[in-house]
Amino acid sequence: MAIPFQLLKTVAEKDDKSCVLLLLLVFSLSIDSSARQNHSNVINLGSSLSPSANHTSWLSPSGLFAFGFYQQGDGFLIGIWLIHQTEKTIIWTANRDDPPVSSNASLDLTRDGKLLLKIEKGIEKLIPQMLDPAPLVSAAMLDSGNFVLYGNDFSVIWESFDFPTDTILGGQNLSSGYKLVSSVSTSDQSSGRFFLQMQKDGNLVGYPVNSSAESDDAYRSSDTPNSGFNVQLILSHIGILFLSGGDLREHILANSSYPSKNRTAIHRATLDADGIFRLYLHRFESSNGSDVLLEWSALSNLCEVKGICGFNSYCSGMGNKDVCKCYPGFHFINASKLFLGCYKNSSDDDCRRSKHPSMLYSIVPLENLWWSDYPYSVVQMEKEDCCKSCLEDCKCGAVLYTGDECTKFKLPLRYGRVSDNFSYTAFFKVIRDDLRIPLPDHNPPLAPTVLTESKRSLILILSVSLGSISCFCFIFAICSFFRYRRQLFSELEKATDDFKEELGRGFFGAVYKGTIFEGILYLHEECEVRIIHCNIKPQNILLDDTWTAKISDFGLAKLLVPNQSRTTMGIEAKAGYLAPEWQKNALVSVKADTYSFGIVLLEIVCCRSSIEIN
Numbered sequence: 164m165a166i167p168f169q170l171l172k173t174v175a176e177k178d179d180k181s182c183v184l185l186l187l188l189v190f191s192l193s194i195d196s197s198a199r200q201n202h203s204n205v206i207n208l209g210s211s212l213s214p215s216a217n218h219t220s221w222l223s224p225s226g227l228f229a230f231g232f233y234q235q236g237d238g239f240l241i242g243i244w245l246i247h248q249t250e251k252t253i254i255w256t257a258n259r260d261d262p263p264v265s266s267n268a269s270l271d272l273t274r275d276g277k278l279l280l281k282i283e284k285g286i287e288k289l290i291p292q293m294l295d296p297a298p299l300v301s302a303a304m305l306d307s308g309n310f311v312l313y314g315n316d317f318s319v320i321w322e323s324f325d326f327p328t329d330t331i332l333g334g335q336n337l338s339s340g341y342k343l344v345s346s347v348s349t350s351d352q353s354s355g356r357f358f359l360q361m362q363k364d365g366n367l368v369g370y371p372v373n374s375s376a377e378s379d380d381a382y383r384s385s386d387t388p389n390s391g392f393n394v395q396l397i398l399s400h401i402g403i404l405f406l407s408g409g410d411l412r413e414h415i416l417a418n419s420s421y422p423s424k425n426r427t428a429i430h431r432a433t434l435d436a437d438g439i440f441r442l443y444l445h446r447f448e449s450s451n452g453s454d455v456l457l458e459w460s461a462l463s464n465l466c467e468v469k470g471i472c473g474f475n476s477y478c479s480g481m482g483n484k485d486v487c488k489c490y491p492g493f494h495f496i497n498a499s500k501l502f503l504g505c506y507k508n509s510s511d512d513d514c515r516r517s518k519h520p521s522m523l524y525s526i527v528p529l530e531n532l533w534w535s536d537y538p539y540s541v542v543q544m545e546k547e548d549c550c551k552s553c554l555e556d557c558k559c560g561a562v563l564y565t566g567d568e569c570t571k572f573k574l575p576l577r578y579g580r581v582s583d584n585f586s587y588t589a590f591f592k593v594i595r596d597d598l599r600i601p602l603p604d605h606n607p608p609l610a611p612t613v614l615t616e617s618k619r620s621l622i623l624i625l626s627v628s629l630g631s632i633s634c635f636c637f638i639f640a641i642c643s644f645f646r647y648r649r650q651l652f653s654e655l656e657k658a659t660d661d662f663k664e665e666l667g668r669g670f671f672g673a674v675y676k677g678t679i680f681e682g683i684l685y686l687h688e689e690c691e692v693r694i695i696h697c698n699i700k701p702q703n704i705l706l707d708d709t710w711t712a713k714i715s716d717f718g719l720a721k722l723l724v725p726n727q728s729r730t731t732m733g734i735e736a737k738a739g740y741l742a743p744e745w746q747k748n749a750l751v752s753v754k755a756d757t758y759s760f761g762i763v764l765l766e767i768v769c770c771r772s773s774i775e776i777n
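Each residue of the sequence shown is one higher than the one before, counting from 164 in the numbering used here.
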C-alpha cells in the first residue's frame with residue numbers, strides 16, 4: 164500500500180520520536196481485510212442472540228467491541244458499541260429509526276444463510292436489508308469495530324464500515340456521496356437534526372436536516388470544493404483525519420497528539436447531537452481502566468451551528484453552552500425542547516384590517532443580532548424612517564439595520580445568533596402592551612334577559628326584513644344563473660348543422676355534434692397551400708364585437724407545398740403550447756396546431772394556465 168507523502172511528513176514533524184510514529188503509520192495503513200479476518204471471532208450459522216438470553220452480543224477478539232442488542236428506553240436496538248467499564252459508546256445502529264423491540268425478540272444467523280431479526284407476532288426483518296442478499300456462510304465482529312458478513316470463499320459481502328451512522332473509526336472512511344447523520348442524543352440513537360455530507364465535488368459540509376442543503380444552510384465546510392470525484396474522508400488508525408482522492412492532495416483536518424506507546428488507543432470521529440464534528444480518543448490501560456479524550460472539534464462556538472435554535476429564536480450562548488431565546492413578542496413552543504422554536508402571540512389580521520397599522524405596534528431593538536434569511540426589501544434610509552416603514556408594512560416582521568441600509572424580513576426567521584462581531588441592530592414589530600386583551604380565566608354568569616314589548620316588535624320587524632331580502636337575493640341568483648347560460652335555438656341549430664349528427668342519448672335527451680371553431684380547419688384544408696400557424700395561443704385568438712374568433716399573428720407560419728405533409732421548425736413559439744414532436748426538433752404536421760388549440764381549450768375549461776411558474 165502506498166503511503167501519502169504529506170502524511171509521512173506530518174507524522175515526522177509531530178515530535179522527536181518521528182521514526183516510531185512513522186512505523187506505526189505504515190503498520191496501521193497496511194492492515195487489509197485479510198489480516199483483520201485472522202483477528203476475529205467467527206460466528207457460525209445457527210448462532211442466536213436475544214435480550215432475555217445469556218448471549219446478548221457477539222464480542223470482538225480483544226473484547227473492546229460488541230455487536231448485538233443494547234437497551235434504549237424500555238426496548239432494545241441492534242448495534243455496535245465500544246465497551247467501557249461503566250458505559251457503552253454506540254458507534255453504529257441498524258435501522259436506527261425503527262422502534263425498539265421487546266426483550267422477546269431474537270437475532271438469528273439461520274442455517275439457510277440469513278441474519279434475521281425476529282420480532283413478536285411472527286414479524287421478521289433482514290439485518291442488513293440488502294436488495295439482493297447472498298447466502299451467508301459466517302459473520303465476525305472484528306477488532307477494528309467492523310461487523311462483517313462472509314459469503315462463499317470467505318469473501319466479504321457486507322460490512323458495517325460501508326454504512327456509517329454518525330461515527331467513523333480508525334481505518335474507516337466516508338465515501339463520496341455518503342453522509343453522517345447525528346443522533347438525537349447520547350441516549351437516543353435515532354436520526355437527529357444535523358448531517359455531514361461528503362459531497363461529490365470534494366467538499367465536506369455540515370447542514371441542518373430538512374434544509375435545502377445549499378450554501379446558505381451550510382455551517383461547516385472543509386473549503387475543498389471542485390476537488391474532483393471520489394474524494395473520501397479518512398480516519399487513520401493513529402488518529403489522522405484527512406481528505407484524499409480526486410484532484411485533492413491529502414488535506415488534513417485533525418491530528419491526534421496522543422503517542423500510542425504500550426497502550427491501546429482507539430480513535431473515533433463523531434457528528435455529535437449538537438451538530439459539531441469531533442475527534443475522540445479512547446485510551447485503554449490495564450491499571451487505570453479507560454478514559455475518553457477530546458482531540459479536536461470542528462467548531463468552538465455552538466452558536467455557529469445553523470439550526471441549533473428553531474424558527475423565530477436566536478442563539479446567545481458562548482463556547483459549548485448554547486442559550487436559545489425567543490425574539491421579542493414570541494414564546495417557546497415547548498419549553499423543554501427549545502430547538503422547536505417560538506411562536507408569535509398575536510395575529511397579523513388586525514394589521515390588515517386597520518387603517519392605521521402603525522398605531523397597533525411598537526418597535527423593540529436588539530443589538531449585535533443577525534440571522535441568515537432572504538429579505539424582501541433592501542432600501543437606503545435613516546433609522547427612524549426604517550422603523551416607521553416596518554410599522555406601516557403588514558408584511559414586515561423584523562428589520563436588520565446597519566449604516567444606512569434598511570433590510571426588511573417576513574416571518575418566520577431562521578438561524579439567528581448574537582455576536583459582538585455583528586454590527587447590525589435588529590428591530591422587531593411587537594403589538595403594544597396596552598392593546599393586548601388578556602382572556603378571562605372563566606366566563607362570568609350571564610344575567611337573565613328580559614324583553615320588553617318594544618324590543619319584541621323590533622326583533623319581529625328585523626326578522627321579516629332579513630327574510631324578505633334573503634328570498635329576493637335567492638330568486639335573483641337563480642334567474643341570473645339561467646339567464647347567462649341559456650343559448651338561442653337558432654345558434655344551436657347553426658352549430659349542429661340542423662342537428663345533423665346525433666352522438667347518443669342520455670337521461671336529459673339527445674347529444675348532437677357541433678362545430679365551435681373553424682379557423683384552423685380553414686388554414687389546414689381549405690387554403691390552396693396548406694398553412695401551419697405554429698403559434699396558436701390565447702393571445703393570438705381575437706374576438707370581434709359579435710364574438711367571432713379571428714386568428715392573428717402569422718409571424719411563425721409555415722407553408723406546405725403540394726404533396727408535403729410534414730416540415731421542420733425551430734422552437735420559437737411560446738412554451739406550454741408546443742406539440743411534443745416540435746420540442747424534439749422532429750418533423751411537424753398540421754396536427755401541431757391541433758395540439759396547441761387543445762391546450763387552449765383545456766385552459767378555458769379548467770380556468771388555469773397550462774404552466775404555472777413558482
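Incorrect hints may appear among the rest.
[To be verified] Per label pair, the in silico range of CB-to-CB distance:
| # | residue 1 | residue 2 | range |
| --- | --- | --- | --- |
| 1 | 522 | 654 | 51 to 61 Å |
| 2 | 766 | 537 | 30 to 40 Å |
| 3 | 236 | 568 | 43 to 53 Å |
In case anyone wonders, no lab produced these hints; they're calculated from the structure. The beta carbon of each residue, even a glycine, is placed where N, CA and C say it ideally should be.
Hint by hint, here is what the structure shows:
Under the hint 51 to 61 Å, the C-beta atoms of residue 522 and residue 654, about 58 Å apart, fit the expected range. Between residue 766 and residue 537, the C-beta spacing of about 32 Å keeps the proposed range 30 to 40 Å intact. For the pair residue 236 and residue 568, the beta carbons lie near 51 Å from each other, so the given range of 43 to 53 Å is met.
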